[in-house]
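Numbering-wise (our numbering), the sequence shown opens with residue 413 and increments by one.
Hints are not guaranteed to be accurate.
Below 30 Å or equal to it, Euclidean Cα-Cα: the simulated DSBU-like pairs (lysine-lysine) are [unchecked claim]:
hint	residue 1	residue 2
1	K485	K538
2	K459	K434
3	K485	K459
Hints were generated in silico from the structure; no laboratory data involved.
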Amino acid sequence: MNPLSETLIRGAFVNASVRERKAISMPTDLDELSWDRLSYLGWRDAKSPQFGYAVVEIDEEPFGVILRATDAKLRARAQCSWCEDVTLPNDVVFYSAKRGGAAGRRGDTVGTLACANFECSANARKLPPMAYLGFDAEAARDRRIEALGEHVRAFVRLVRDGD
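Generate coordinates for the entire structure from the input sequences, incorporating the hints supplied.
See the structure below:
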């Protein structure tokens, strides 16, 4: 992912009003991020932890969505829909997102299961265990990284293209 400034990030949100964009709490470590190790930028709001944010590049342009975590606890261990990690060391929560445009103004939402604190980029970059003799772990990791980007972009497109 290419480095993004606070201005670019705030302008990227497709399901937010101008007021909502201004109120977004930026990640505290924005200047220290290893952008080359991110498939997308995701963080929880420090002031309002029920809100999360995800920004991904689509055709080299940043697009972001505001997400809201559900208060309900999942009954069983869930799998993240984005990184699809089956050995997650972290929690997965259900996030909903208001759709963009007129659909969002009508109250339409979409949802996804995602890592609670958006650890997907790190999860996808871990070398998977050897599945069988001759297993190419590096190629498997590369496929996981690519799939993560595709999943996040597909979700953001679903939110963005609300109508």
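Verification of the hints:
Restraint check for K485 and K538: satisfied, since their Cα atoms lie roughly 27 Å apart, inside the 30 Å limit. Proximity of K459 to K434 is assessed by CA-CA distance (about 14 Å); at most 30 Å being required, the pair is judged to hold. Proximity of K485 to K459 is assessed by CA-CA distance (about 21 Å); at most 30 Å being required, the pair is judged to hold.
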